[in-house]
Every structure is written in C-alpha cells, then in structure tokens.
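Asker: Which chain is which? The protein sequence lines are A and B, in order.
Residue numbering for the first sequence follows numbering that gives the first Met the number 0, beginning at 0 and increasing consecutively.
Residue numbering for the second sequence follows numbering that gives the first Met the number 0, beginning at 0 and increasing consecutively.
Please note that a few of the clues may not be correct.
Said to hold, decoys possible - Below, a list of computed lysine-lysine pairs in the DSS-like style, where the Cα atoms sit at most 25 Å apart:
{"hint": "1", "chain 1": "B", "residue 1": "K41", "chain 2": "B", "residue 2": "K73"}
{"hint": "2", "chain 1": "A", "residue 1": "K98", "chain 2": "B", "residue 2": "K73"}
{"hint": "3", "chain 1": "A", "residue 1": "K35", "chain 2": "A", "residue 2": "K86"}
{"hint": "4", "chain 1": "A", "residue 1": "K35", "chain 2": "B", "residue 2": "K41"}
{"hint": "5", "chain 1": "A", "residue 1": "K150", "chain 2": "A", "residue 2": "K60"}
{"hint": "6", "chain 1": "A", "residue 1": "K35", "chain 2": "A", "residue 2": "K46"}
{"hint": "7", "chain 1": "A", "residue 1": "K60", "chain 2": "A", "residue 2": "K35"}
{"hint": "8", "chain 1": "A", "residue 1": "K50", "chain 2": "A", "residue 2": "K98"}
{"hint": "9", "chain 1": "B", "residue 1": "K76", "chain 2": "A", "residue 2": "K35"}
These are computed hints drawn from the structure, not numbers from a lab.
Each chain is listed here by its residues.
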Amino acid sequence: MIKYLIPLVLFLGLVIFLAIGLNRDPHEVPSPLINKPAPAFTLPQLKDPNKTFSAAEMRGKVWILNVWASWCVTCRDEHPLLLEYAKTNAVPIYGLNYKDQREDAIAWLGELGDPYVLSAADVDGRIAIDYGVYGAPETYLIDQSGTIRFKQIGPVTPDVWTNQILPLVQELNRQGNR
Amino acid sequence: MKQIVYAILVLLIVGHGVPGKDAGPVSGEDPAVEQRLANLSKELRCLVCQNETLADSQAGLAEDLRREIREQIKAGKSDKEIISFLTARYGQFILYRPQVTPTTYLLWFGPFIILIAGFFILFRYIRQRRDAIVAEPLTSEERRLAGELLSAKSGKEAL
C-alpha cells in the first residue's frame, strides 16, 4: 500500500516546490550587503552642489538611504508614502539621486514635495554600483555603526514600513541608547 | 522564380532576428581590454533583464557595469578580482555559473544525486524481479509427457 503512495508524495513535494518557486519575485535578488558596512561615499548635494554629503557623516545615527530618480516611475508611486513617513520623524530619510539630471530632479521634488533631509547626486551611478543597486527605488536602512541592516528592493510599502522598517529602527535606537 | 528568391531573402533577413546593437567593442578602446571585457561580460547576468548577459544587455545598469569592468581591467585587476568585486555587491546571482559553495552544493550535485538514486532504485527493482521468479524444473513424468507430445507433433504436421 505504501508503495503506491510514494509517487503521490513525490508529486505533492514537487507541487509545493513549484508553488513556492512560482510565487517568488525573481527580481528580488537577496543583497549580499545586509549586515555589511555601507559603502563609503562623498557626493555633491543635489540642491547645493558646492556642498557634499558623505555616508561617514551619519555615524551614530540610524538613517535611511532611498535611491530615487525623476525618470523612475515607481519612485513617483512611492513618493507620497515617503513624504508621510518623513513627517513622522521616525527616522531621517536621505536621498540618493540616481543617474538623473539635476534640473529634472529639483523640479520633481518641487512638484511632488521633498521628503529628504537632503539628496546626494550620483550622476553616473558609480555609488549605486557600490550599493548593489540595480533598479530604483531601493531603500537601505543603516545603523549607528554604518552597517546596512535592511534593504527594500522596489517601493517601500505601508506593510514594509510598519512591519519591518519601523520595528528595526526602534530596536536599533534602543540598542544605541544603552 | 523571382518571388521565391525574394521569399528566401526575406527569410534570411528575418531569420537573423533583431540583432540589436551589439554591446561589443567601442571604437577607440584597446582591443585587448575589449576582448577581456567581452569574455567576462558573457559570464555575467544583467540584473535588470535577468535572462540576458551583461554583454548583450542594453540596460543602463549593464552599460554602467561594463564601464566599471573596463576601468578595472585598465587598472590591471585580474578577472577574479573583478568577479569578486561584483559578487560582493550583487551576490552570486550575477554569475551565470554560480561558484561551488555549500549553498550551491544542491544546485551543482543535486542532479547527480538523483541520477545515482535512480540507478539504485533500478538495480533494486531488477534484483527483486530476479528473486521473484522461482525456477520450477520439470518432474521426470512431465519430461516424458513433453517428449511424447513433441514426437507426436511431427506426425500431425500435415494438419
């Protein structure tokens, strides 16, 4: 009797594997940078190119680096949420303006609002390569020691924000204040 | 006749598919560097259009990565160093041929394990069948009967 059940069990196993495999988004490539130091950079600020912004300045703070561009359609979808989250002051959000024209980027922020403390301009996308960016938007959560703790590929959704980013921010702040 | 020639010509052109702008050598670049870039980028996946190699892809990121690789080749980096530069940022996924590490053992050796398991099951099945067939030698009585029937058969062949 068991002998006849074996093919059925094997088949069900196959179905389970395929069901998991087919429901995964192949565009979500796990980043090897999680729990690794955030790559250092110093870039001109978008709104004031005479000033620079470097990741090292953020030592001792929990912060978010959001990769965006005015040409990125999904960024436009994500934008209202970022504005909303920036208002809560839960965690400072910095922008990495990815392969964009300065005028376009500034106009975009003027039109839609600016959730970022500031944006750094990565005009040729070199820093983005260091961060393993392969699309926009992407969002990194970086802790006090400059370690990447979380990466969101694609837009940040309310679910990701409330259930993943916020708890992690709170946890990191608790650890930092000890 | 003419139509057939035209048809063949059309087929030849269409058969080439859309060749796309080849991401090959850029004029004014060192051909040795370009050759290495071409060889390397054939092994690398474009992360934007995941079933395309970095050599074939026209995505903006692929262009940036080719530029990055070109610069590193010029800076005298070895292929190995460039590959580890990329995997440190994009993970093993960027490699079309993932490295043999504990996480990829199943990927590399899984098919062989299944093949060996298949052979094992096949051999066991064959042996079971061989054991299941019990030899039943004829008794002397049966042998005599068979002999009789055989010799009688020759007489009845006319039927």
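Asker: Please go over all the hints and tell whether each is borne out by the structure.
Answerer: Outcome of the hint check:
| no. | hint | in the structure |
| --- | --- | --- |
| 1 | B:K41 / B:K73 | holds (18 Å) |
| 2 | A:K98 / B:K73 | holds (24 Å) |
| 3 | A:K35 / A:K86 | violated (29 Å) |
| 4 | A:K35 / B:K41 | violated (28 Å) |
| 5 | A:K150 / A:K60 | holds (17 Å) |
| 6 | A:K35 / A:K46 | violated (29 Å) |
| 7 | A:K60 / A:K35 | holds (16 Å) |
| 8 | A:K50 / A:K98 | holds (19 Å) |
| 9 | B:K76 / A:K35 | holds (23 Å) |
The structure fails to meet hints 3, 4 and 6 from the earlier list, while all remaining hints are met.
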